[in-house]
Each structure stands twice: as C-alpha cells, then as structure tokens.
Amino acid sequence: MISTGRDALRGDNRSSSTPEQLCTPPAEELAECIQAALARALLDLRTKRGWSVYDLEQRSGVSRSTLSRIERAVTSPTVTVLARVCWAYGHSVASLVAEAEGTDPSDPRDTDSAQL
Numbered sequence: 001m002i003s004t005g006r007d008a009l010r011g012d013n014r015s016s017s018t019p020e021q022l023c024t025p026p027a028e029e030l031a032e033c034i035q036a037a038l039a040r041a042l043l044d045l046r047t048k049r050g051w052s053v054y055d056l057e058q059r060s061g062v063s064r065s066t067l068s069r070i071e072r073a074v075t076s077p078t079v080t081v082l083a084r085v086c087w088a089y090g091h092s093v094a095s096l097v098a099e100a101e102g103t104d105p106s107d108p109r110d111t112d113s114a115q116l
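For the sequence shown, the numbering used here gives the first residue as 1, with consecutive numbering after it.
No lab work stands behind these hints: they were computed from the structure.
Glycine is no exception: its CB is placed at the ideal position from the N, C-alpha and C atoms.
Please note: incorrect hints may appear among the correct ones.
[As the list claims (entries may be wrong)] Here are the in silico distance ranges between beta carbons for each label pair:
| hint | residue 1 | residue 2 | range |
| --- | --- | --- | --- |
| 1 | R49 | A83 | 33 to 43 Å |
| 2 | V93 | L30 | 31 to 41 Å |
| 3 | R59 | P26 | 35 to 45 Å |
| 4 | S52 | L30 | 26 to 36 Å |
| 5 | H91 | S68 | 17 to 27 Å |
| 6 | G102 | E28 | 17 to 27 Å |
| 7 | Q58 | P26 | 31 to 41 Å |
| 8 | E32 | S68 | 14 to 24 Å |
| 9 | I34 | S68 | 32 to 42 Å |
| 10 | P26 | G90 | 33 to 43 Å |
| 11 | R49 | A94 | 19 to 29 Å |
Build out the structure end to end from the sequences listed, making use of the hints.
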C-alpha cells in the first residue's frame, strides 16, 4: 500500500517508490515536451524570417550560444530570455507558450488558456 500525504513526506511509505518518484515522470515528460515544442517554435520563427542566429542575437540581446542551446532543446530559457526573444520577433510569450502547449490563448473554449 502506498502512503500519501504526511506519511509519505515523513518517509513512512512502505513502498519502494518515493513521492518524488511517483510525481516526477509525468511532470518531467510534460516539461520535456514543452521544451522541445518551444525549441521547434523558436527555430521555425527564426528560419521563416531568414534570420541567422547572429541576426537574432543582435535583435534580442541574447547570446548566440544561448539561442543555439534553446533551439536545440539543450536548455530551457528563463522567462526573461524568452521574453527578449519573443519581443525580437514581435511575438507574445503567451502565444508562443500556448502554441507549444497546443492551446489557443484567444479561444474562450480552451479552458487551460483561459486560466492564463
């Protein structure tokens, strides 16, 4: 039997799984999927404009190495870096994240985006 709540946090769980192990995989998978989708979306925005990484660096103030790591999904951008890149494209952070999540922030029927 798997304990929940305070018992699990105190370590009274008799299962071999820790609470972190029980919660981490789905959240980790979701984060990796969103990171990969953001990377693809950012790369698509740059290539559609015909910009080099150098061009985007000049427009956003974010270093080429950081931009490259983000576009390859090697690292996740901070909100500040993501905002600077989005502003360079004239794109909102909210719409880019919604696109990566597969939601439409302007669609009132999309309950997840309505909470943003």
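Structure-based check of all given hints:
Judged by the Cβ atoms, the range 33 to 43 Å given for R49 and A83 is violated: they are separated by roughly 18 Å. For V93 paired with L30, a C-beta distance near 18 Å fails the hint of 31 to 41 Å. Taking 35 to 45 Å as the suggested C-beta distance range, the pair R59 and P26 conforms, at roughly 36 Å. For S52 and L30, the Cβ-Cβ distance of about 32 Å falls inside the hinted range of 26 to 36 Å, so the restraint holds.
Range check, H91 to S68: about 19 Å between beta-carbon atoms, so the 17 to 27 Å window is met. Checking the proposed 17 to 27 Å range against G102 and E28 shows it holds: the Cβ atoms sit about 18 Å from each other. Separation of Q58 from P26 is about 39 Å and conforms to the stated range, judged on CB atoms against 31 to 41 Å. As the Cβ distance of E32 to S68 is approximately 18 Å, the hint placing it in 14 to 24 Å holds.
A hinted range of 32 to 42 Å for the beta carbons of I34 and S68 is inconsistent with their spacing of about 19 Å. Checked against the hint of 33 to 43 Å, the pair P26 and G90 passes, with Cβ atoms roughly 34 Å apart. Taking 19 to 29 Å as the suggested C-beta distance range, the pair R49 and A94 conforms, at roughly 20 Å.
In summary, the structure is inconsistent with hints 1, 2 and 9 from the numbered list given earlier, while agreeing with the others.
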